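Student: Residue numbers (UniProt numbering), protein chains in the order written: chain Y, 35 to 219; chain X, 1 to 225.
One or more hints might be untrue.
As the list claims (entries may be wrong) - Quick partial rundown of chain Y residues pointing at chain X, CB under 8 angstroms, derived from the structure:
id: 1; residue: S43
id: 2; residue: F64
id: 3; residue: A81
id: 4; residue: S111
id: 5; residue: T116
id: 6; residue: I166
id: 7; residue: K168
id: 8; residue: L169
id: 9; residue: Y181
id: 10; residue: H193
id: 11; residue: K194
id: 12; residue: L196
Unchecked claim - Selected chain X positions facing chain Y (in silico; Cβ < 7 angstroms):
id: 13; residue: E22
id: 14; residue: G25
id: 15; residue: A33
id: 16; residue: D67
id: 17; residue: L69
id: 18; residue: A71
id: 19; residue: P101
id: 20; residue: I106
id: 21; residue: L110
id: 22; residue: I113
id: 23; residue: I127
id: 24; residue: A165
id: 25; residue: G167
Calculated from the structure, these hints are not laboratory results.
The model shown is predicted, which means the values in this text are computed figures rather than measured ones.
Every residue gets a Cβ at the ideal spot worked out from N, C-alpha and C, and that includes glycine.
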Amino acid sequence: SPAALDGRSSDELLVAIARDRDKDAFGLLFGRMGPRLKAYLLRSGIAPSQADELVQEVMLMVWHRADTFDPARAMASTWIFTIARNKRIDAARRDRRPEFDPEDPALVPDQPAAADRSIEQAEASARLRDAIAKLPAEQADLLRLAYFEDQPHSAIARHKGLPLGTVKSRLRLALERLRRELAGS
Amino acid sequence: MLPVHHPSLELLLDYAAGSTGEAAGLALATHLALCPECREVVAQFESLGGALLEAIEPAAVPSEALDNLLARLDEPVPVPVPVPDRRSPADDATLGPVPQPLRGYIGQDLETIRWKRVMRGVEQADIAVGRGRTGNVRARLLRIGPGVRVPRHTHAGTEMTLVLAGGFSDGDKQYQRGDFSFCDRETDHSPVADDDGECLCLTVIDAPLRLTGPLMRLLNPFIRF
Ligand SMILES: [Zn+2]
Ligand SMILES: [Zn+2]
Numbered sequence: 035s036p037a038a039l040d041g042r043s044s045d046e047l048l049v050a051i052a053r054d055r056d057k058d059a060f061g062l063l064f065g066r067m068g069p070r071l072k073a074y075l076l077r078s079g080i081a082p083s084q085a086d087e088l089v090q091e092v093m094l095m096v097w098h099r100a101d102t103f104d105p106a107r108a109m110a111s112t113w114i115f116t117i118a119r120n121k122r123i124d125a126a127r128r129d130r131r132p133e134f135d136p137e138d139p140a141l142v143p144d145q146p147a148a149a150d151r152s153i154e155q156a157e158a159s160a161r162l163r164d165a166i167a168k169l170p171a172e173q174a175d176l177l178r179l180a181y182f183e184d185q186p187h188s189a190i191a192r193h194k195g196l197p198l199g200t201v202k203s204r205l206r207l208a209l210e211r212l213r214r215e216l217a218g219s
Numbered sequence: 001m002l003p004v005h006h007p008s009l010e011l012l013l014d015y016a017a018g019s020t021g022e023a024a025g026l027a028l029a030t031h032l033a034l035c036p037e038c039r040e041v042v043a044q045f046e047s048l049g050g051a052l053l054e055a056i057e058p059a060a061v062p063s064e065a066l067d068n069l070l071a072r073l074d075e076p077v078p079v080p081v082p083v084p085d086r087r088s089p090a091d092d093a094t095l096g097p098v099p100q101p102l103r104g105y106i107g108q109d110l111e112t113i114r115w116k117r118v119m120r121g122v123e124q125a126d127i128a129v130g131r132g133r134t135g136n137v138r139a140r141l142l143r144i145g146p147g148v149r150v151p152r153h154t155h156a157g158t159e160m161t162l163v164l165a166g167g168f169s170d171g172d173k174q175y176q177r178g179d180f181s182f183c184d185r186e187t188d189h190s191p192v193a194d195d196d197g198e199c200l201c202l203t204v205i206d207a208p209l210r211l212t213g214p215l216m217r218l219l220n221p222f223i224r225f
C-alpha cells in the first residue's frame, strides 16, 4: 500500500517498480521526481507544454526500463538524470549523443581497483549532497548553470558578465573539490 | 596501456551534463571507451547531475499528469531499444583499432573509407556528424605517415584529437592510443607522427586551422585542413 511505501528511498521505489511492476511505487516516484524533471527541462529552455510531455516520456521510460537499474552501480537520481538528459538532447536538437558501448569488445575494461565500488550508494548520495551544500555560492551557482542551462561556458560567462577564464577556473575548483569529497578521506 | 592525456574536467562535465555537441561527444565518448579513469569521472559527474536534479526547485505539473501517465503504462513500448552493432572480437581484427561509438559512424573497414590526400603523408576523411551550434564543427579521421610532420599551425577555435593507432609527439608530449589532446587559439604547434608506423587520429575542430610556418603560409590555399 502507498502508506508502506512512503518512507522508502527512490532506489527502493525503483527496485519495487522493476520487480513487482508496482504502480503505487511508481506514483510515489512521480510525485517526487515529476516536478523536478519539469523544472530541469524548463531551465534548459524547453517550452512548458513540451516539458509536460517530456516529463511523461521520461517517466514512461523509467517504468519500462526499471529492470536495467542496478542499485549497486548507481543512485536512482543519477539513473533518472541520465534518462532526462538524453530526452532533453533528443528534444532540443537533432544531434545524436555518442556513447561508448559497455559490451564493446574494443572497450578497455575497468581496472580491478576501480571496479570495487565499495562505498554504499546511499552513503555516496549523502556525501555528495553535503559536498554540494558546502561549495561557495558562486561555484554552486555556476555548477547549476552548467547542468541545467544547456549552454556552452562562453554563453554562461557572457550571461554572468564574467571572463570565460573565471568561469572555467571556478567550475574547475568546484569539480576538483567535489571529486575529493566523493573519493572520501 | 592506459591513456595518460585526458580531456579536461570541464569537457567531461559538459559531456555528463549533456551540453556537448555531437562531434565533441563522439571524441569524448570514444576516449571513454579507451579510458576507465575518465569513465569513472563521468559517472561521478552524472551522480552530481542526479544530486542537483533532486535539489532543484520543483515546478508544478498539471493535476491530471499522474493519471495520464498511469493510463499509458500498459501501452506497448512504442520504440524498441535499438541494439548496437556488435561484432565478435574475431571480426574486430579486420576492423582495426576503432571502438564504439566511432565504429558506428565510419562502418566496417578503414580501407573502404574515402580518404582525401591533404599533403604528402597526410590523408583525411570526413565523418558525418551534426555541425553544432555554429554550423562549423567538423569531425575527421586523420592518417599520418610514419615520421611525417603536420605543418605548423594555430586554431581559430578549438581542436580535439584522439589517437586511435600509432602515436605522435607534440612539443615535449607523447600521445599514444587513447590519448586526448585539446588545443585552442593559444596553441601554435606542429605535431609529428612517430617513426614506427602510421598514426590514426580522430580530430574535431570548430573553426579553420591557420598555418603559421614561414614557408607553409605560401601553400595555404592548397592545404585543406
Ligand atoms: Zn581519460
Ligand atoms: Zn592543431
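Student: Now, for every hint given, state plainly whether the structure supports it.
Tutor: Going through the hints against the structure:
no.	hint	in the structure
1	S43	violated (11 angstroms)
2	F64	holds (5 angstroms)
3	A81	violated (13 angstroms)
4	S111	holds (3 angstroms)
5	T116	holds (6 angstroms)
6	I166	holds (6 angstroms)
7	K168	violated (13 angstroms)
8	L169	violated (11 angstroms)
9	Y181	holds (5 angstroms)
10	H193	violated (14 angstroms)
11	K194	violated (15 angstroms)
12	L196	violated (14 angstroms)
13	E22	holds (4 angstroms)
14	G25	holds (5 angstroms)
15	A33	holds (4 angstroms)
16	D67	violated (10 angstroms)
17	L69	holds (6 angstroms)
18	A71	violated (10 angstroms)
19	P101	holds (4 angstroms)
20	I106	violated (12 angstroms)
21	L110	violated (13 angstroms)
22	I113	violated (17 angstroms)
23	I127	violated (11 angstroms)
24	A165	violated (12 angstroms)
25	G167	violated (16 angstroms)
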